[in-house]
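> Residue numbers (our numbering), protein chains in the order written: chain P, 24 to 612; chain C, 35 to 284; chain X, -15 to 197.
These are computed hints drawn from the structure, not numbers from a lab. Be aware that a few hints might be false.
Below, computed lysine to any residue pairings styled on SDA-like, alpha-carbon distance capped at 25 Å [claimed, not checked]:
| hint | chain 1 | residue 1 | chain 2 | residue 2 |
| --- | --- | --- | --- | --- |
| 1 | C | Lys258 | X | Lys163 |
| 2 | P | Lys193 | P | Tyr479 |
| 3 | X | Lys168 | C | Gly240 |
| 4 | P | Lys451 | C | Leu214 |
| 5 | P | Lys443 | C | Gln152 |
| 6 | P | Lys227 | C | Asp253 |
| 7 | X | Lys163 | C | Val208 |
| 8 | P | Lys451 | C | Gln152 |
| 9 | X | Lys163 | P | Gln246 |
| 10 | P | Lys480 | C | Lys258 |
| 11 | X | Lys119 | P | Lys480 |
| 12 | P | Lys188 | X | Lys119 |
| 13 | P | Lys480 | C | Gln152 |
| 14 | P | Lys443 | C | Val208 |
| 15 | P | Lys451 | C | Val208 |
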Amino acid sequence: MVQRLKEVDVVVIGVGMVGSIVAKELAAAGYKVVGLERGEARFTVPQFQSPAIHDELRFDIRKALMQDNTREAVTFRNHSSETALPIRRWESFLPGTGLGGSMVHWNGQTYRFQANDFELATRTRERYGRHFLDPDVTIQDWGVTYDDLEPHYDRFEYLLGTSGKAGNIKGQVVPGGDPFESPRSREYPTPPQKEHYSGAMFRKAASGLGYHPFPQPSSNLSQPYTNPEGIKLNACVFCGFCERYACEHFAKSVPQTIILPVLLANPNFELRTGCQVQRINLDSTRKKATGVTYIDAVGREFEQPASLVITSSFALNNVRMLLLSRIGTPYDPTTAKGVVGRNYAYQTMSSVASFFGEDVFINPFMASGASGTLINDFAGDNFDHSGLGFIGGSFIGAVNTNGRPIQYHPVPPGTPSWGKGWKDAVVKHYNHTVMFSLHGSSVSTRQNYLDLDPTYKDAWGQPLLRMTFDFPQNDLEMAAYVTAKAVEIGKAMGAKQVAGSPRKGPYTTTQYQTTHNTGGTVMGSDPGTSVVNRYLQSWDVPNVFVIGASAYPQNASWNPTNTLGALTYWAIDAIKNKYLKNPGRLVSA
Amino acid sequence: MNKVTRRAFVAGIGAASMAPAASALSEEPAPAAPPSSHTSLGAQNAAPVVYLFFNASEAAFIEAACERLIPADENGAGALAAGVPNYLDKQLAGAWGAGERLYRSGPWAAGSASQGYQLPFTPAELFHQALRAINHDLDSRGTPFSEMTAEAQDAYLKSLEGGSADLNGVPSGVFFGLLLQMTVEGFFSDPVYGGNRDMVAWRMIGFPGAYADYYDSIDRHGVKFEREPMSLGEDSERHIHPDPNIPAHL
Amino acid sequence: MRLRRTDTGLTLALAALITVATHGIAHAKAAAPASAKVCQGCHGVHGEGNAPAAIPRLAGQSAEYLRKQLEDYASGDRANPIMKNFAKPLTHADMEALAAYFSTASAPRTAIPSTASAADLDFGQELARQGSEVKRVQACDSCHGPDGVGVLHAAPYLAGQSAEYLTSALTSFQQRTRKNDPGKLMTSVAGQLDASDIAAAAAYFSSLPSNAP
């Protein structure tokens, strides 16, 4: 028995980072907004307080803050020739849930993409020729440029209070920052966090090799900050419980600490938690959304009519929402027709371990999620790829985020996996190892895509999302190349032993890599190869906007969050100033 | 976390105490901790485990096996003294053992390595099935695992690790992998979960634990950080109160 | 009990004997340096403090913290004309020795009945263990340890400290007259509290037993 509710102006699906910002802007503009969040409400006090939150077993291993996979999982296969099976335990990627979404437990690593990334197809062709790329690689231009997004990056970074050092202000290279970055209009809102010992060692070695180290931009703040919404954040104390944990100190930029107090105080906004949206409803023309259907925590079904529907849930869930709602043509890899689910990409992660003597104390447990030191010399298109046979790259950094011992106890290759030999190695190396993170780009291909699974369902009886993905050869070659470069830096640091672990195929869901799943509702200028236009408006249903990293045509060398924040403000600008003043298609098809 | 109300209005002499447990204070006592879960630092090596999940022969295997995976040596305590069998027991006896955080719907297929765990068994079922097969096998060989030499035990464990012997439907490598994973968890997790007794594992590697403000210390590059490890469940007298909700639920 | 300046080893041995024999009586592990005389005048022989006069208890406090406060008083980074007067003439070695002495001393707490209400103490405990969402402050215990017992290299103990002193310290952070907190960590917290919050937190921590090293 479906209960039909009173119509509102806007429904926002998912009250995480994107949903919080979108809802706040629209409620502040006078619109009646309902935010539907499937998870629970939670706040810094009491849910994020320590010492209870500093529990590696509960939050790292058992993944307490993540999406409940007993009710809603994802199925997976490397290739279309296989049968997809459920990912029965999260490991490789960890979708979040709850008020504030995954941002509650992110690491705070806050990078912009570069100008080149937004026009990757055009610029790659220009620089390397039409035939440089494998024909199966389906990279595309975004339909927006870096210059379009710059003011929105700036706005997002100032919302967060991100701590960093600019490398390029209005075209002027600034010492101390990243010389490869695309121009920003001003400095970061707060200065860089303190440098970790491992970062200092890295910086010295990387400079010595002629590279350009800079402090990792961090949304775990270096000092107290009051953001433009009037909300205060505190300084981070480097507790080493960042990613997968929530911050007790009001020092990590998460919706609860940057925007929710303002949003929740606005009577135009109504938050409903425990509400699992089943689909976006369309009228008989199937070109107009009438609202959404959701089921609440006690199992009651509701229809919430709305003039405008914004799906702002996690990237994978945005794709699934469109497929379940039958908005847009699903992608079929055999025919290469259709768009929803197309161009799914990920992140190509490698690492290097540098082992030092027992007189060198690294203290890995002192860290924020983003207190690293990095180089972008081998990221993106910052180096000449002629003759290399691949595009893309990785940032390379001494990115020490924690020393939590169940998961972090580095040992050299060849160490037995248990017994006295293992124990000896753990004791010998725990506090004397520097880990480099090599955070690599991910091109999209014809074969990697998302669709609905034909067999497995969620607890509400709806098909699970099916993921078909393997690392493209392009990215594996990129990983091998950058890992070799990173090993040299480890050696230059004076380590006794340096072990590089370049990413190798096949992609496995059994090992954590990142939760940087992108694509599936790609943005672009051509409806034949994109699901949303440059304003993230659905080509098919103009009163539906799909805001998430699902919009990315491929993934770049850096963490996706900052770019998503910029896209959110960019889209909201268009929604407020163009769409709501004159509802309809913002871009002719 | 339980709210423990303690109001100590100090009357008379005697605020300072050298010994952690004794107190000359006249103060309202804290409410009694749950029975059998109140452990003081340094007092626990002798405390027997009250097994909720493992039967006697399963426990005997688990205790001996865990101790081979992480043996006592000059570095410090091994799995047994650290209470790892207790950790395993309480995890398997509770919600996680029963299948929390496991998508359990069928159909089931073996799948590729990339597709991860695909058996229908919950961790509790997996352990029961596998241990039954193991103990049956060992019975037929005559020597219980706990009575084998260390070398023989290691050889047996390696055969489980590398083999694909079917232990009542559980490939031996899958059982071994889960046993090893849980042993490491039991060794390094917060003592509130029943392992890492007295934080021996943390002390061994120098991990300071759940109280973690390093704002000043991060500047001291290369200086060894020296502080007693601290559990999330310890009170101001360094008594650890294991989570009364053991096994921990989410 | 005043320990005379005798041979250090003998002094320490005596101290240990005295500890065992008369549990709860004041003693010190390190010998009192000569420079301690001046401190002892206000802070007491073993640093027991003078709670109503807002003179803090030093006994068993983190040596690192004590030394930093002396340095900051001397330099003016922590503004206090009286303490500046005492700290300025000290050498770094003096400061080390004083910090070592007081940090290993233990002293009886003279009981001061709290005038705080039950509601105040409850709220103080809430701030200590949980913090406040509405005030946007985290649990004091997250840095100061379970029940404010102090965490080495991070934060001094608060348990059993003079409520008057805690009130004055929190207020000076709130008013930004005390500025020597790394990262403005205490300024941020105190800036969110009002006078009654401060009083509640101070009363609560003061009511807890202080622990000897």
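> Does each hint fit the structure? Answer for all of them.
Here is what the structure says about each hint:
1. C:Lys258 / X:Lys163: Given that 25 Å is the threshold and the Cα spacing comes to 28 Å, the pair is violated.
2. P:Lys193 / P:Tyr479: Measuring from Cα to Cα gives roughly 51 Å; hence the hint is violated.
3. X:Lys168 / C:Gly240: Since the Cα atoms of Lys168 (chain X) and Gly240 (chain C) sit roughly 28 Å apart, the hinted pair is violated (cutoff 25 Å).
4. P:Lys451 / C:Leu214: Holds, at roughly 20 Å.
5. P:Lys443 / C:Gln152: With a Cα-Cα distance of about 31 Å, the restraint between Lys443 (chain P) and Gln152 (chain C) is violated, given a limit of 25 Å.
6. P:Lys227 / C:Asp253: Cα-Cα ~17 Å, so holds.
7. X:Lys163 / C:Val208: Measuring from Cα to Cα gives roughly 57 Å; hence the hint is violated.
8. P:Lys451 / C:Gln152: Given that 25 Å is the threshold and the Cα spacing comes to 36 Å, the pair is violated.
9. X:Lys163 / P:Gln246: holds, 14 Å
10. P:Lys480 / C:Lys258: violated, 52 Å
11. X:Lys119 / P:Lys480: violated, 44 Å
12. P:Lys188 / X:Lys119: violated, 31 Å
13. P:Lys480 / C:Gln152: Roughly 16 Å separates the two Cα atoms, so the pair holds.
14. P:Lys443 / C:Val208: Holds. Lys443 (chain P) to Val208 (chain C) sits at ~22 Å (cutoff 25 Å).
15. P:Lys451 / C:Val208: violated, 29 Å
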